[in-house]
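**Q** Starting from the known structure of chain A, fit chain B onto it as the hints suggest.
The lines below spell out each chain.
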Amino acid sequence: MISMKYQGFTFEKLKIASFDFTCCEGCQLQLANRESSLLDFLELLDIRNFRELSTEKNNDYDIALIEGSLSREDEVERLQAIRRQAKTLIAFGTCACFGGVNSLKNKFPLQESVAEVYPGMQIDTMPVRKISDVVKVDLSIPGCPVNKEEVERIMVHLATGSLITLPNYPVCFECKAQLNTCMFELGEICLGPITRGGCNAVCTSGKTPCLGCRGPSEEINMPAFIELVTERKLSPDDLQEKMAFYNAFEEFCDHEA
Amino acid sequence: MKRDLTLDIRHLTRVEGHANISITVKDGKLLDARWAVVETPRFFEVMVKGMSAERVPFLTSRICGICSISHALASIRALERAMTIEPPDVAKQIRLLAMHGETLQSHALHLFFLVAPDFTGHGSVLPLITSHPDLIKAGLRLKELGNQISTVSAGRCTHPVSLVVGGVSKAPEKQQLLQLRTMIRESKPALDTACSFFRTLTIPEFKRETEFISLCNGSRYPSIGGDIISTDGVRRNENEYLLMTNEYSRDFSTSKFTRLSRESSVAGALARFNNNYDLLHPRAKEAAAAFALQPVCHNPFMNNIAQLIECVHILEDAEELINSLVDMELQEIKTPYAPKAGSATGAVEAPRGILYHHLETSDEGKVVRADCIIPTTQNNANIEYDLGAIAEQALQEGKNDREIEKLCEMAVRSYDPCISCSVH
Chain A
1 MISMKYQGFT FEKLKIASFD FTCCEGCQLQ LANRESSLLD FLELLDIRNF RELSTEKNND
61 YDIALIEGSL SREDEVERLQ AIRRQAKTLI AFGTCACFGG VNSLKNKFPL QESVAEVYPG
121 MQIDTMPVRK ISDVVKVDLS IPGCPVNKEE VERIMVHLAT GSLITLPNYP VCFECKAQLN
181 TCMFELGEIC LGPITRGGCN AVCTSGKTPC LGCRGPSEEI NMPAFIELVT ERKLSPDDLQ
241 EKMAFYNAFE EFCDHEA
Chain B
1 MKRDLTLDIR HLTRVEGHAN ISITVKDGKL LDARWAVVET PRFFEVMVKG MSAERVPFLT
61 SRICGICSIS HALASIRALE RAMTIEPPDV AKQIRLLAMH GETLQSHALH LFFLVAPDFT
121 GHGSVLPLIT SHPDLIKAGL RLKELGNQIS TVSAGRCTHP VSLVVGGVSK APEKQQLLQL
181 RTMIRESKPA LDTACSFFRT LTIPEFKRET EFISLCNGSR YPSIGGDIIS TDGVRRNENE
241 YLLMTNEYSR DFSTSKFTRL SRESSVAGAL ARFNNNYDLL HPRAKEAAAA FALQPVCHNP
301 FMNNIAQLIE CVHILEDAEE LINSLVDMEL QEIKTPYAPK AGSATGAVEA PRGILYHHLE
361 TSDEGKVVRA DCIIPTTQNN ANIEYDLGAI AEQALQEGKN DREIEKLCEM AVRSYDPCIS
421 CSVH
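First to last, the sequence lines map onto chains A and B. The first sequence: position 167 = 167 (our numbering), numbered continuously. The second sequence: position 20 = 20 (our numbering), numbered continuously.
Next up, chain A with everything else stripped away, as it sits in the complex (with noise of 0.2 Å):
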């Protein structure tokens, strides 16, 4: 067992593995992102299987880390090997909870576009899944990428013991406290009233709208949002358009239509 010691307390490392399927491999890059607390953050970390970052694969782990959604069969076999280890399966980043923008090309038929991309060539493909489509997921952390502020806390209260939570208020509500001017106002149609916070509203700060990454927050009041939008004369084809962006407004796309 390899231990650390805070504060007189002596806490196990966590056994922990990283997985990429479909994806861009953002998120995990963010695990080596704030560089200034980075080796603070390695610490908390027994890594044993990490293929981006390490030759050396130890396959006893029991926290596994997935990034990306599922569009290939060998992938599924991989995540149920995976499943069968772990004892806690985290769904990582924004393909691996919704599918993510990987989702887009299930609007497509799907030889359509092998050919149009492979002309001539047999290329396995299926249509894109979240994780949860095929295992259990036992802690889900939204992003396009993950906010890794946000993936320090989980861990350290993984390597605790503690409750783990996301934020159930929206993004507006972090947009507002930055003072930013509401995208609305601007004459955009922007989910940041409807979307999960704790991105610290990165993109509308940015001047741009929230396109939903971190899903649907908590008791979101879906009639009104839409309400918001037709009473401004927004335009429909833009509402669609967003909330498929990252698929993560599935359930309430259809009944958009």
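These are computed hints drawn from the structure, not numbers from a lab. Values in this document were obtained by computation on a predicted structure and should not be read as measured data. Take the hints with a grain of salt, since some may be wrong.
Simulated crosslink set (EDC-like; lysine to aspartate or glutamate; CA at most 16 Å straight-line) [stated by the list, open to error]:
hint, chain 1, residue 1, chain 2, residue 2
1, B, Lys366, B, Glu54
2, B, Lys49, B, Glu364
3, A, Lys148, A, Asp40
4, A, Lys136, A, Asp62
5, B, Lys137, A, Asp40
6, B, Lys406, A, Glu56
7, B, Lys26, B, Asp4
8, B, Lys49, A, Asp238
9, B, Lys49, A, Glu218
10, B, Lys49, A, Glu112
11, B, Lys366, A, Asp237
**A** The following block gives chain B in isolation, referenced to the frame of chain A:
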């Protein structure tokens, strides 16, 4: 003595994405060398169809977690050229700064996290935290600086938020730029530490003549747009990207291959260095001289050193960009535009080489067709030919199987492949 060799490396480690290496030599003669990318394709070129132009850069940036800024800017450049939009000068400068930040973090990640362990004999960077603490601190400092440059200029380092068609949606505050300039100045000792460390390493001796392709604009070290040139003397404009790439598929790889005048060619830091040496900052040229690196260098392992030299250039050039930005009015940041039908190529120098996005728009400003050619795609054929030649040379030198395996892995890593990006 004639020897046999069978190498089969499945899911190469310490690279971005999934790929396999296999090499077969019989009686000292190379039978087969294969570089097979097995990453799952995502079909971005299909996904963008029907999407409004303004949203497309936010989608295409998701092609790659490491070079998302390059992808956003390649799409933005293609769309601005397709719809004849001229972004304001301030926005152009901010974009150049964002590109510098991305390249710096990408090179630092590659050099310190992925490459350094090969030279110190470790399986990962983790043991180096205790064995080489000063080097790791320097590497983290440079990576942090790269991310901070990107965050200040693009709103976020991975998947930028304020790079938009027409310009930028938000300019950095002058105060932020001044703080950034201080941080750049204070990071120069870290770069000295890095250069000193890399000077102590023995870079493998290997040379296979090839063709180096990069952008070239004649006035600045290449970053966004320009002509496409090669060390074999080819020169074409951006829209003729298809003639520079001649992309083709091979049935064992989900990443495609390209070629130009020879069977293979190279894009990336060494290609930019070989084609644009004169435009490097004098400090970067000094650093190159300390490694005896001169154009045209045909040793792929020297791509690592070319990346380090680019880091020296970036710190100097980023400081100059900030100096000119703080003297500019930061109000005019976005050109208003009306949607328009058109098609054009946007080429940028991503950290790993030229990235092409070709986009076609409809009258309503929806993207109707897309083609993306990724730097690693342009290196696949060269990686494969190098692997065969390296294995043959190493056998002649009497190296054992384990040594050859390590050398082949190091050769691939020196290209800094971005595999999931190359499949997209």
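**Q** Tell me the hint numbers this structure goes against, listed in increasing order.
**A** Violated hint: only 9; rest satisfied.
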